[in-house]
Amino acid sequence: MAVLVPTRRGTPRLGLGAGLLAAARGLAFTGLMLAGLGLLLVILAAVLLTALGVAMLIIGNGNPLFRVVVALLLGVPGLGIGLFLAPGALLAVRRLTGLTRRLAGRWCGVPIAEPRYSPPPRQGRLGYTERLRWLIKDPATRRDLLWITVNLVAAWVLAATSAVVIGVGLIAFIGPELIKTIPPPAFPGNSAGTLIVLGLAIISAGVLAAPWLLRGYGLLAGAVLRPAGHAELEQRVRQLTQTRTEALDTGAAEIRRIERDLHDGAQARLVAMGMTLDAAGQIIDTNPEAARALLYEARDASVKALAELRDLVRGIHPPVLADRGLADALQALALDSPMRIHLASDLEGRPPAPVESAAYFAVSELLANVSKHAAARQTWVDIRHTDGMLRIGVTDDGHGGADPARGTGLRGIERRLAAFDGVLAISSPPGGPTAVTMEIPCALSSAKTSSC
Amino acid sequence: MRVVICEDLFLLRDGLTRMLQAHGLQIAAAVDNGADLLAAVAKDRPDVAIVDVRLPPTFTDEGIRAALAARREVPGLPVLVLSQYVEQLYARELLASGSGGIGYLLKDRVFDSGQFVDAVRRVAAGGTAMDPEVIARLLARNAGDGTLAALSPREREVLAVMAEGRSNAAIAQRLVITERAVAKHTASIFGKLDLQPSDDDNRRVLAVLAYLGG
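So the sequence lines, in the order shown, correspond to chains A and B.
At position 256 of the first sequence the residue is numbered 251 (the numbering used here), and the sequence of numbers has no breaks.
At position 10 of the second sequence the residue is numbered 9 (the numbering used here), and the sequence of numbers has no breaks.
It is worth saying that the hints were derived from the structure and are not from the lab.
Source: prediction; values computed, not measured.
Warning: the hint list may mix true and false statements.
Under the rule of at most 25 Å between Cα atoms (straight-line distance), these lysine to any residue pairs were calculated in the SDA-like manner [claimed, not checked]:
1. Lys299(A) / Glu284(A)
2. Lys106(B) / Gly344(A)
3. Lys299(A) / Phe9(B)
The whole structure should be built from the sequences, with the hints applied where relevant.
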């Protein structure tokens, strides 16, 4: 088996301590395997018990009524338990394989990337079948289940072997010399000296083999559990499709909102202004005073229309953002806010306009959240760009307890950032402080060309 | 009084020129970009320059930058900046750009030519003309300030109009109270805000703006 050749990351450390440690870790992996077996049985309970029930019904002998009753007694609870527990068990399998991946990196020197499990098909509580379908359709889940199955054999052969060998050497060969109640192995020439030499040889073999076996186990785990290239691509395509759809939906909704605002606001005011001006024209000779009043009314309407257009423009793309970029636009936002906002930025160029805009509105919404909910005295906004990543932190000294699952605001920001492969992390323990960090991968254009 | 206008849209440039001429002001030059503004200011030495924020070639904040550059080149040059929107950030930059009258108004303010020309004259004379919207936002931002909360409603009104850059007489006219009453309110405001009282209208305005801009 090519995967067993431990060449990926040098040779494992050898020696008595390392060997014993490796053997112990192998035993721990075996423990994980047993847990996996338990979960597998839960997942398959429905199938197994139902099959058993049906088998009883068909091939069992004796009273047909009795057979039917037994089949029902096995099959109905089997189906029930299996179907009821399967989704939870599948999620537990994820935890288990996640732990295996991490331990493989730490103990076996075989780092295994965490797969990107597909996100739930929609927000909110999923129905039973929806949940089960979501879990089962995920290729990463199938890989997890494959590993649980392969592991049933692999853990014994690779992970437990060294500990078993050391144990046999210790108990069966050395043991009789130390504790008289243990019978020595029965083979010709089993004198005390031979047994001790043989025992030490067996233990040494176990200790020496343990690191290699553990490494082999890790490599096998990697081969099964490492996200496959094409699966990752599929995952990426799915994610892009979803975020693109969401981005388009958001864009379309925005355009509808702008259209409605223009229609109900500035357009309506212009119509009214035209009518007022016409009325003024009608009476200008007969009643100049009233005409003058109408003219002023039209002027005031134009001021209101301008104010509405200004607000609308601010909502679409704040002028300072276009003029000066993200840091100054946020500075302007901070200046308009009654909260004390400390802004720090190390941006030396400008992110692409769409990223800039998304980041601006994200921060703007977060600040609105802070002022609405957090009862904070101060807020810090920190903008930096490192390693091709725009990082923005918004921290407040309010009372914390912000929960992205409860409000739609944070979810909305998350979705809009996702269109740029951006992510949002939040830490908000009860009692505060709340720290929100956003990361958007992007390049900066140099400051010189940014104004064009 | 001689004025240089810098506005890239022909209709507005033309309208401004005509309105100011109708009020007896003389237009030394009417240009449509920042570079020409600097040249005109250096050559004609006007009493005041009126500058639109959005100018070619970038159509962003060229006008602010041109105004700041013009004031560097001709120290103390009174400048009135016009914009479709007002930002505290820009108001601060203009106020910090040295001595000489400064104005920052929404374009809508030209609809009231009397008031607008008054603002132009005020800036040309070394005074201040801040748009009411800037002041409203400054006050909103300071709403949580305990000291401001200690002002009476009338005092807050006086403070807002004063912060726009108006003299006692103008405040009295706007709020329909006597000048004596305005003087009383002003003294009370300066006492409560712990500001140095001053007879100089403009120094008073700048002190209030500095207090609000904190």
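To see whether the hints hold, each was checked on the structure:
About 23 Å separates the Cα atoms of lysine 299(A) and glutamate 284(A), which keeps this hinted pair within 25 Å; it holds. The suggested pairing of lysine 106(B) with glycine 344(A) is violated, with an alpha-carbon distance near 31 Å, which exceeds 25 Å. Taking the CA atoms of lysine 299(A) and phenylalanine 9(B), the gap is near 24 Å; set against the 25 Å cutoff, the hint holds.
Figure legend: structure checked against the earlier numbered hints; the only hint not met is number 2.
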